[in-house]
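Asker: These are the residues of each chain, in order.
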Amino acid sequence: MSSDRTDPLEAAGDLKSRILAAVRAEPVPARRATLLRNALLLAAGGAVALAIFILRGGVRVYERPTLLVVATSAGWFIGAAVATRIAFARGRSMLGRPTAWLVALVVGAPFLLLAWKVAVTAPFGPEMMVCWNDKPGFKCLWLDLGIGIVLLAAFTAARRRSDPLRPGITGAALGMAAAIAAGGLVDLWCPVAHVEHLLLGHILPLVLLAALGALAGRRFIRLGSRSEPPAR
Amino acid sequence: MERYARGDDRAFEQLYDAVAARLLAYLRRHVRDSDRCRDLLQETFLHIHRSRGTFHPGAAVMPWAFAIARRLVVDDARRESRAPPLADVSDPQWTDFAEMAGHDDRTVEEGELVRSFLRELARLPETQRTAFELLKQEGLSLAEAAQVLGVTTTAVKLRAHRAYVALRAALGVDSVRLTEATT
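Quick mapping for you: the protein sequence lines, in order, are chains A and B.
Its first residue numbered 0, the first sequence is counted upward by one per residue in numbering that gives the first Met the number 0.
Its first residue numbered 0, the second sequence is counted upward by one per residue in numbering that gives the first Met the number 0.
In case anyone wonders, no lab produced these hints; they're calculated from the structure.
There's no promise every hint is true.
Okay, the calculated bits of chain B under chain A, using three or more residues with CB under 8 Å as the criterion [what the hints assert, rightly or not]:
#1 42-55
#2 59-72
#3 146-153
Counterexamples of contact, computed for chain A against chain B with all Cβ distances above 12 Å [unchecked claim]:
#4 Arg17
#5 Ile77
#6 Met127
#7 Lys134
#8 Leu187
Even for Gly, the Cβ is constructed at its ideal location relative to N, Cα and C.
Please take these sequences and the hints and turn them into a complete structure.
Answerer: This is the structure in structure tokens:
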């Protein structure tokens with residue numbers, strides 16, 4: 000407490016000089032450079048995700064009507080766009096979207112997407128929803144996770160150390176957004192719409208990637224993780 | 000902040016002048032050690048500085064800055080394994096603070112009231128105390144306080160109201176008004 004004995008004005012001036020010097024010692028790119036860096040990160044993540052998708056076979060229609068393929072995957076991609084807007088873009092506040100929005104996204108998206116897939120597929124006839132014994136859903140699960148992890152890594156890198164409020168929830172929402180985008184690609188790839196297959200191969204990855212996102216958020220998106228003690 | 004985000008390095012000093020005093024006052028209310036308090040102010044500004052490139056045009060700076068400072072206070076308290084991050088009212092700086100309240104036309108009794116107020120405030124649950132502080136002591140709007148806490152404005156209103164009711168029950172209506180004005 001000895002510093003309390005010094006002249007308050009002098010102490011305030013010293014503190015200001017110290018902080019300004021610390022800031023000058025750590026150059027940080029301005030907005031234009033940061034936006035460019037983030038755009039490159041996201042583009043790289045998207046390119047790798049697409050490469051994985053294409054290497055695994057790309058679009059596979061099988062007996063599905065084109066309209067069905069377009070309709071179900073469009074639902075996933077629209078969902079991915081909305082989820083990314085909620086989870087990644089922070090809106091007008093530097094503190095991101097309200098917590099309730101993020102929680103609603105994480106909790107509601109799996110139910111909505113399952114309902115969408117079933118509701119759109121059912122009118123095309125029961126043969127579109129039959130069980131394929133040789134396709135329980137593990138391949139979809141791994142492909143979904145593979146693509147989703149790449150996208151989640153890109154989102155996390157772009158939002159690194161940015162959330163002082165609830166990085167775990169933000170990370171879970173980012174994981175969900177990545178998983179929905181990956182799910183859109185997997186929906187183009189997978190012809191099976193049997194509910195048990197959907198639960199294992201298409202919905203479980205959403206839950207797993209949200210959980211992984213929560214862990215990544217607490218580790219990387221939280222404010223001050225890995226920060227050094229300030230220089231005196 | 001907008002100018003700083005666009006690349007005008009000189010704008011940081013103006014940003015510092017605009018927000019440092021309020022942040023320091025907030026930190027002093029929550030951190031016992033004044034050196035640590037200054038360290039946390041420096042960390043807060045470094046985080047603001049590191050985020051310059053992602054600053055959203057038109058976003059409010061104060062709620063964001065308070066949220067960063069609050070997070071650093073909470074993390075600091077956890078690191079130190081301390082109990083809830085509120086300064087000890089028996090600490091000399093609080094004694095000085097309470098004495099300041101007794102200057103000029105204020106009486107010794109009013110100084111004692113401030114001390115009692117701080118003691119009762121420290122006893123409140125963290126969520127209620129923080130909502131009360133942000134609204135009544137830091138002067139943030141409901142929407143800004145809600146942003147800092149990551150909750151709805153209704154939740155902030157409710158928490159602050161409960162804090163006010165608890166303080167009023169402990170100190171009396173006039174005392175709460177007086178100490179609000181003082182602090």
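Asker: Per the coverage rule (Cβ-Cβ under 8 Å, at least three residues), is the region 146-153 of chain B covered by chain A?
Answerer: holds (count 6)
Asker: Cut-off 8 Å, C-beta pairs, minimum 3 residues; does the coverage of the region 42-55 of chain B by chain A stand?
Answerer: Holds: 12 residues of the region 42-55 of chain B have a Cβ under 8 Å from chain A.
Asker: Confirm or reject: methionine 127 of chain A is not an interface residue toward chain B, with every Cβ-Cβ distance exceeding 12 Å.
Answerer: holds (43 Å)
Asker: Run the C-beta distances from lysine 134 of chain A to all of chain B and say if the shortest one exceeds 12 Å.
Answerer: Fine: 42 Å to the nearest Cβ keeps lysine 134 of chain A off the interface.
Asker: Compute the least Cβ-Cβ separation between arginine 17 of chain A and chain B, then decide whether it is above 12 Å.
Answerer: Its Cβ does come within 12 Å of chain B, the nearest being 7 Å, so this is violated.
Asker: Taking the closest pair, is the beta carbon of isoleucine 77 of chain A still more than 12 Å from chain B?
Answerer: Non-interface label stands for isoleucine 77 of chain A: nearest chain B Cβ at 24 Å, farther than 12 Å.
Asker: Over 12 Å to the closest beta carbon of chain B is the bar; see if leucine 187 of chain A clears it.
Answerer: At roughly 33 Å from the nearest Cβ of chain B, leucine 187 of chain A sits farther out than 12 Å, so the non-interface label holds.
Asker: Confirm or reject the coverage of the region 59-72 of chain B by chain A under the rule of 3 or more residues with a beta carbon closer than 8 Å to the chain's beta carbons.
Answerer: holds (count 9)
Checked against the numbered hints above, the structure violates only hint 4.
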